[in-house]
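Q: Here is how the chains run, residue by residue.
There are 2 protein chains.
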Amino acid sequence: MILIKLGGSVITDKSQYRTFNKTLVARLCREVKESGEDVIIVHGAGSFGHILAKENHLNDGFEDDSQIPALAQVCFDVRELNSMVIKELIEVGIPAVSIPTGSCFMMNDRKLKIDNEDILRGFVNKGIMPVMFGDVVLDRKLGFAICSGDQIMELLAKIFKPKRVIFVSDIDGLYDRDPKKYLNASLYRIVDKNIISKIKSETSVADVTGGVYSKMQTMLRMCANGRDCILMNGTAEGRLLSLLKGEEIICTRAESD
Amino acid sequence: MILIKLGGSVITDKSQYRTFNKTLVARLCREVKESGEDVIIVHGAGSFGHILAKENHLNDGFEDDSQIPALAQVCFDVRELNSMVIKELIEVGIPAVSIPTGSCFMMNDRKLKIDNEDILRGFVNKGIMPVMFGDVVLDRKLGFAICSGDQIMELLAKIFKPKRVIFVSDIDGLYDRDPKKYLNASLYRIVDKNIISKIKSETSVADVTGGVYSKMQTMLRMCANGRDCILMNGTAEGRLLSLLKGEEIICTRAESD
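Quick note, the sequences are listed as chains D and Y, same order.
Sequential numbering of the first sequence, starting at 36, is according to our numbering.
Sequential numbering of the second sequence, starting at 36, is according to our numbering.
This is chain D alone, in the form it adopts within the complex (with noise of 0.2 Å):
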């Protein structure tokens, strides 16, 4: 079985509210499928949350009523944007149900907890690929908050224990500073916790990675264990077939020590 994230800046336009990138989700469905591998698929909100829940603090927690009807269209617009994931992946030919994380699971204290693995596991076992996404969830000390993507997937990779697990990005993977500020930006092709040390203290995280760092955490923590952990970019045609298929990759691997 194969973990695989698809990132909120590879399935919507980030700076667009309710952009879908239906094209390109539609060819990475294809590529998961001709792979022929077991897939469990996660993907973000991308506009279809950040942008709302931003605006109305819905990752600080309940504060005042005037939230409410925001949570609630938050809550809409990303069961939508599931419902449009859901139909690429049925169209080319995968079985798959959504699991919105906020009906389905809450939080404490921003950690979200899957007390029940029944439901999941019943889908896997019938072939059908139970699909969660980065949601407003219910949290028992602050009301609500966010809950990320790349948070379901640790939690999945718990309970499924995949021999692989991708992030897929708009980017290659993880550069020693701003690709998009620097020309001369290099790729790591190997992440672990001393270049992630490393890079912490010689510049400014938010400068040098363009939100890949705390992603980079993540993925150190799911590696362990001899577990493949790679961040890539979906944007590039037929890369992630390659890589399901064994093939090498431009991409970042996260390695534990």
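Incorrect hints may have been included.
Intra- or inter-copy, both count: the list cannot distinguish identical chains.
Within a straight-line C-alpha distance of at most 16 Å, the following computed EDC-like cross-link-like pairs (lysine to aspartate or glutamate) qualify [what the hints assert, rightly or not]:
1. K196 <-> E152
2. K176 <-> D153
3. K161 <-> E98
4. K161 <-> D99
5. K49 <-> D205
6. K198 <-> D211
7. K161 <-> D100
8. K216 <-> E72
9. K233 <-> E283
10. K198 <-> E72
11. K57 <-> D205
12. K148 <-> D185
13. K161 <-> D263
14. K193 <-> E90
15. K233 <-> E126
16. K89 <-> D211
Hint data in this document are derived by calculation from the structure and do not stem from the laboratory.
Given the coordinates of chain D, assemble chain Y onto it according to the supplied hints.
A: Quick look at chain Y alone, frame taken from chain D:
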């Protein structure tokens, strides 16, 4: 709190695959909003569920792998229907969140079990309406089966103890014979166990009731302890609002002994 079931025959055209009665649903949502009452809505699957489910015997449980793509398609379709309903609720100013039955709960030999009420209660406590619906649901004995909106109504009534339960259908209530066939069919204003037994012994149930008989049995189970339990016609404009305001309307009321 009032529990309302919007029947599949009201919110969809049951004879046409995936046909949503948007104008009618929008009006019913406005009537709920205008009443100012505290409401939870459950809805049926209508033509988004029954047609494919029947063709692929999804209610007979797992037979072979050929059912799996159909299962995924039905789950997809009913979630899209739910999304359409939620959209209308949000548009009239009712914050609502989808709780897809088969993503959140399981059945055992066709009996739905809501083993964790925290999420449902959590949304209600924040003034957000959780919306469940008829769905394909994993079944510990059968593999999977169909869970009806009526079954969800019974469970939610146990959890939320509503003062009133309303089944919104496309007929005025229970008739002594099929009103689509017999011009002189007369409407029962009140139904109790004796009337139900009489109907059953005197005629072919399928012939008489147009499918309302089993709904009436559900209603009789739900109307104990003085709870008001009503079957009414949602296609008649303003009737739901009148009922919610406490006015007398054309309907059938279930009465316990």
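Q: With reference to the structure, classify each hint as holding or not holding.
A: A quick look at each hint next to the structure:
| no. | hint | result |
| --- | --- | --- |
| 1 | K196 <-> E152 | within (13 Å within a copy, 29 Å between copies) |
| 2 | K176 <-> D153 | between (25 Å within a copy, 13 Å between copies) |
| 3 | K161 <-> E98 | between (42 Å within a copy, 12 Å between copies) |
| 4 | K161 <-> D99 | between (43 Å within a copy, 10 Å between copies) |
| 5 | K49 <-> D205 | within (11 Å within a copy, 43 Å between copies) |
| 6 | K198 <-> D211 | neither (28 Å within a copy, 63 Å between copies) |
| 7 | K161 <-> D100 | between (42 Å within a copy, 8 Å between copies) |
| 8 | K216 <-> E72 | neither (37 Å within a copy, 56 Å between copies) |
| 9 | K233 <-> E283 | neither (26 Å within a copy, 75 Å between copies) |
| 10 | K198 <-> E72 | within (11 Å within a copy, 52 Å between copies) |
| 11 | K57 <-> D205 | within (15 Å within a copy, 38 Å between copies) |
| 12 | K148 <-> D185 | within (14 Å within a copy, 30 Å between copies) |
| 13 | K161 <-> D263 | neither (26 Å within a copy, 42 Å between copies) |
| 14 | K193 <-> E90 | neither (33 Å within a copy, 38 Å between copies) |
| 15 | K233 <-> E126 | neither (45 Å within a copy, 51 Å between copies) |
| 16 | K89 <-> D211 | neither (28 Å within a copy, 57 Å between copies) |
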